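Sequential numbering from 1 applies to the sequence shown in the working numbering.
Please keep in mind that the hints were generated in silico from the structure rather than gathered at the bench.
Among the hints, a few may not be true.
[Claimed, not checked] Below 25 Å or equal to it, Euclidean Cα-Cα: the simulated SDA-like pairs (lysine to any residue) are: (1) Lys211 with Gln130; (2) Lys211 with Lys131; (3) Lys115 with Asn172; (4) Lys70 with Leu150; (5) Lys68 with Asp152; (6) Lys156 with Leu204; (7) Lys211 with Phe102; (8) Lys70 with Leu204; (9) Lys156 with Lys209; (10) Lys98 with Ala207; (11) Lys157 with Tyr175; (12) Lys156 with Gly97; (13) Lys211 with Ser114; (14) Lys68 with Tyr145; (15) Lys156 with Asn179; (16) Lys68 with Ile88; (17) Lys209 with Asn179; (18) Lys68 with Asn172; (19) Lys209 with Ser174; (20) Lys156 with Thr74; (21) Lys70 with Asn101; (22) Lys157 with Asp90; (23) Lys211 with Leu150; (24) Lys98 with Ser125; (25) Lys209 with Pro158.
Source: prediction; values computed, not measured.
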Amino acid sequence: MTKLGFKFYTNQWYHYYISIYILTRVKGSLRPLKKIRFRQKSPTKTDSDTLTETIMFFLHFLDYRMEKFKIGLTNNFDANVNTSKLGIYDLCGQWPGKVLNFGEPMRVDCIDGSKLSRFVIVQQSPEIEQKYRDRRLAFAEIEVYAETRLDDVALKKPAHLSSMGGNYAIYNASYGVDNNFNAAWRFPHAAINYEYSNWFVVDLLAAYKVKYVVDRSVEQFVAGVQYKCTSEMQCLHTDICTAIYAIGVFGTNVWSKGAL
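Whenever a hint applies, use it, and build me the whole structure from the sequences.
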């Protein structure tokens, strides 16, 4: 059974849809863009008269973008001169599979921990990039641990990213090394060079023998939901709370058939 809680802050109808835009933290590993079918039972009707409605959940889940992410090392990088250089670096290592749940650190051990490197690179796997057609990185924090050092050598160091923002926000690379694990931090890809279009670089300001890198995933959140109407008139006369009840916040008379 699927039930999601959320905070409601605005709604509108357009083209026979009622749209509710919401922002809520959701724990667990879920997939993007799920359609969930619900039935709402009227207390005055029999089961055979039960009305079936469809609600589309637009879930902004970021975890799939970071499956099999890559960590690179280099001593040559200048964000102001050659931003297309990424992809040409020594491989530290690669995360083997799906992203872990929020709060669980994902540690990537370097293949060669004896190499001195100043810059640490995070990049989406080209395999995942092409699989989802979603060329973006998404993580809350990157930590770098080096030989003879117990602390995170990337903390508060200068950081760079391939784009400064998209249609809805401007992103700050420093959020990736600010020790704030709860930030739902994300940024879009650069506009050019599809295979290596998305990257994050932290400048350690000195060369270290990097032993391993830890990626901490973002908290996931719901971006929106739509209540589908059969006509404009139905949208105009639909109680917006119907859609809210269907998510299970107050749903005493609503039950879920589960995700499709």
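Verification of the hints:
1. With a C-alpha separation of about 29 Å, the suggested pair lysine 211 and glutamine 130 falls outside the 25 Å cut-off, and the hint is violated.
2. In summary, the hint linking lysine 211 to lysine 131 is not supported, as the alpha carbons are separated by about 30 Å, beyond the 25 Å threshold.
3. Restraint check: the Cα-Cα separation between lysine 115 and asparagine 172 comes to about 29 Å, which exceeds 25 Å; the hinted pair is violated.
4. At most 25 Å may separate the alpha-carbon atoms for a hinted pair to count; lysine 70 and leucine 150 meet this at roughly 23 Å.
5. At roughly 22 Å between alpha-carbon atoms, lysine 68 and aspartate 152 fall within 25 Å of each other, so this suggested pair holds.
6. Restraint check for lysine 156 and leucine 204: satisfied, since their Cα atoms lie roughly 9 Å apart, inside the 25 Å limit.
7. Proximity of lysine 211 to phenylalanine 102 is assessed by CA-CA distance (about 23 Å); at most 25 Å being required, the pair is judged to hold.
8. About 18 Å separates the Cα atoms of lysine 70 and leucine 204, which keeps this hinted pair within 25 Å; it holds.
9. For the hint linking lysine 156 to lysine 209, the alpha-carbon distance of about 19 Å falls within 25 Å, and the restraint holds.
10. About 30 Å separates the Cα atoms of lysine 98 and alanine 207, which puts this hinted pair outside 25 Å; it is violated.
11. Between lysine 157 and tyrosine 175, the direct Cα distance comes to roughly 11 Å. Compliance with the 25 Å bound is thereby established for this hinted pair.
12. As the CA atoms of lysine 156 and glycine 97 are separated by approximately 28 Å, the hinted pair breaks the 25 Å bound.
13. Between lysine 211 and serine 114, the direct Cα distance comes to roughly 8 Å. Compliance with the 25 Å bound is thereby established for this hinted pair.
14. A distance of roughly 20 Å separates the Cα atoms of lysine 68 and tyrosine 145; the hinted pair therefore holds under the 25 Å criterion.
15. Between the alpha carbons of lysine 156 and asparagine 179 the distance comes to roughly 8 Å, so the proposed pair stays at or under 25 Å and holds.
16. Distance hint between lysine 68 and isoleucine 88 is fulfilled; the C-alpha atoms sit about 18 Å from each other, no more than 25 Å.
17. Annotation: proposed proximity of lysine 209 to asparagine 179 holds, straight-line Cα distance about 22 Å (limit 25 Å).
18. For the suggested pair lysine 68 and asparagine 172, the alpha carbons sit about 24 Å apart, so the restraint of at most 25 Å is met.
19. Distance hint between lysine 209 and serine 174 is fulfilled; the C-alpha atoms sit about 22 Å from each other, no more than 25 Å.
20. For the proposed pair lysine 156 and threonine 74, the alpha carbon gap of about 19 Å is at most 25 Å, so the pair holds.
21. At roughly 18 Å between alpha-carbon atoms, lysine 70 and asparagine 101 fall within 25 Å of each other, so this suggested pair holds.
22. Between the alpha carbons of lysine 157 and aspartate 90 the distance comes to roughly 21 Å, so the proposed pair stays at or under 25 Å and holds.
23. Proposed proximity of lysine 211 and leucine 150 is supported: the alpha carbons are some 11 Å apart, at most 25 Å.
24. A threshold of 25 Å between alpha carbons decides the hint, and for lysine 98 with serine 125 the separation of about 12 Å falls inside it, so the pair holds.
25. Restraint check for lysine 209 and proline 158: the C-alpha separation of about 18 Å stays at or below 25 Å, so the hint holds.
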